[in-house]
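Participant: Each chain, letter by letter, is given below.
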Amino acid sequence: QVKLLQSGAALVKPGASVKMSCKTSGYTFTDYWVNWVKQSHGKSLEWVGEIYPNRGSTKFNEKFKGKATLTVDQSTSTAYMELSRLTSEDSAMYYCTRRQYRYNYFDFWGQGVMVTVSS
Amino acid sequence: DIQLTQSPSSMSASLGDRVSLTCQSSQDIGNFLSWYQHKPGKPPKPVIFYATNLADGVPSRFSGSRSGSDYSLTISSLESEDTAIYYCLQYDASPYTFGAGTKLELK
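If you read the sequences in order, they're chains A and B.
Here the numbering used here runs 46 ahead of the position in the first sequence, where the first position is 1.
Here the numbering used here runs 1342 ahead of the position in the second sequence, where the first position is 1.
Hints should not be assumed to be uniformly reliable.
[To be verified] Quick list of in silico lysine-lysine cross-link-like pairs, BS3-like style, CA-CA up to 27 Å:
1) B:Lys1381 x A:Lys89
2) A:Lys69 x A:Lys49
3) A:Lys49 x B:Lys1387
4) A:Lys65 x B:Lys1384
5) B:Lys1445 x B:Lys1381
6) A:Lys105 x B:Lys1387
7) A:Lys65 x A:Lys109
8) A:Lys65 x B:Lys1445
9) A:Lys109 x A:Lys59
10) A:Lys89 x A:Lys113
11) A:Lys65 x B:Lys1381
12) A:Lys113 x B:Lys1445
13) B:Lys1384 x A:Lys49
14) A:Lys65 x A:Lys89
15) A:Lys109 x B:Lys1449
16) A:Lys113 x A:Lys59
17) A:Lys111 x A:Lys69
18) A:Lys69 x A:Lys105
19) A:Lys89 x B:Lys1384
20) A:Lys89 x A:Lys49
21) A:Lys49 x B:Lys1449
22) B:Lys1449 x B:Lys1384
23) A:Lys113 x A:Lys65
24) A:Lys69 x B:Lys1384
25) A:Lys69 x B:Lys1381
26) B:Lys1449 x A:Lys89
27) A:Lys65 x A:Lys105
28) A:Lys105 x A:Lys89
29) A:Lys89 x A:Lys109
30) A:Lys69 x B:Lys1387
31) A:Lys49 x A:Lys105
32) B:Lys1387 x A:Lys109
33) A:Lys113 x A:Lys69
34) A:Lys89 x B:Lys1387
35) A:Lys109 x A:Lys69
36) B:Lys1384 x A:Lys105
37) B:Lys1449 x A:Lys105
38) A:Lys111 x A:Lys59
39) B:Lys1449 x B:Lys1381
By construction, these hints were calculated from the structure, which means they are not laboratory data.
Full structure from sequences and hints, please.
Facilitator: Structural data, given as structure tokens:
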């Protein structure tokens, strides 16, 4: 069955970077876009960006350009998101999701990674 | 950016009630509107995709509809396990956007 398994929670200092992983299984990794979604505490969901593992093509919410970097490792069917120059505004839960390409919706989700930015 | 306005922001209903949540789009997004159920400590779960299609494993008491730029999620007979926050998502034009959510509670 399809699974997206994300890395563990991270506590990072302001100004630092954090890289989180999303290991997929149960489907052909290179056939589906992997999306990333942010949820700040008590707030709604926010689309960060997506990556197509086949070519490494990316699309971003303008708000996250320069903040988020998306990469993949095809050999391990794993997607990564790195967040740089962290501030308290980056403290949030981050989910990876698989986009079902025909109808453009997120059909499978990772369990989420809690990132806390604190000195 | 396309704005999705969800209403109400919160509501309470009794077991067995028929419940309707709405999501209004600021621009034409066709049918690229999906609904997600989000419970504490879990990732969001798809409920409806392409405006009217039931996602895998979702009970048939859930349904989706569209009238122009207004989209609705209806639960025909509310059960206790349906309490959650429900979000709509448009995936027609970047940046893809979510509504602010509707918190559904039991009365």
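Participant: Could you run down the list of hints and mark each one as holding or not?
Facilitator: Consistency of the hints with the structure:
no., hint, in the structure
1, B:Lys1381 x A:Lys89, "14 Å, holds"
2, A:Lys69 x A:Lys49, "8 Å, holds"
3, A:Lys49 x B:Lys1387, "13 Å, holds"
4, A:Lys65 x B:Lys1384, "21 Å, holds"
5, B:Lys1445 x B:Lys1381, "10 Å, holds"
6, A:Lys105 x B:Lys1387, "23 Å, holds"
7, A:Lys65 x A:Lys109, "18 Å, holds"
8, A:Lys65 x B:Lys1445, "32 Å, violated"
9, A:Lys109 x A:Lys59, "21 Å, holds"
10, A:Lys89 x A:Lys113, "19 Å, holds"
11, A:Lys65 x B:Lys1381, "26 Å, holds"
12, A:Lys113 x B:Lys1445, "30 Å, violated"
13, B:Lys1384 x A:Lys49, "14 Å, holds"
14, A:Lys65 x A:Lys89, "23 Å, holds"
15, A:Lys109 x B:Lys1449, "39 Å, violated"
16, A:Lys113 x A:Lys59, "15 Å, holds"
17, A:Lys111 x A:Lys69, "23 Å, holds"
18, A:Lys69 x A:Lys105, "20 Å, holds"
19, A:Lys89 x B:Lys1384, "15 Å, holds"
20, A:Lys89 x A:Lys49, "26 Å, holds"
21, A:Lys49 x B:Lys1449, "35 Å, violated"
22, B:Lys1449 x B:Lys1384, "23 Å, holds"
23, A:Lys113 x A:Lys65, "12 Å, holds"
24, A:Lys69 x B:Lys1384, "18 Å, holds"
25, A:Lys69 x B:Lys1381, "23 Å, holds"
26, B:Lys1449 x A:Lys89, "23 Å, holds"
27, A:Lys65 x A:Lys105, "18 Å, holds"
28, A:Lys105 x A:Lys89, "23 Å, holds"
29, A:Lys89 x A:Lys109, "16 Å, holds"
30, A:Lys69 x B:Lys1387, "19 Å, holds"
31, A:Lys49 x A:Lys105, "23 Å, holds"
32, B:Lys1387 x A:Lys109, "25 Å, holds"
33, A:Lys113 x A:Lys69, "22 Å, holds"
34, A:Lys89 x B:Lys1387, "17 Å, holds"
35, A:Lys109 x A:Lys69, "25 Å, holds"
36, B:Lys1384 x A:Lys105, "26 Å, holds"
37, B:Lys1449 x A:Lys105, "42 Å, violated"
38, A:Lys111 x A:Lys59, "21 Å, holds"
39, B:Lys1449 x B:Lys1381, "17 Å, holds"
When each numbered hint is compared with the structure, violations occur for hints 8, 12, 15, 21, 37.
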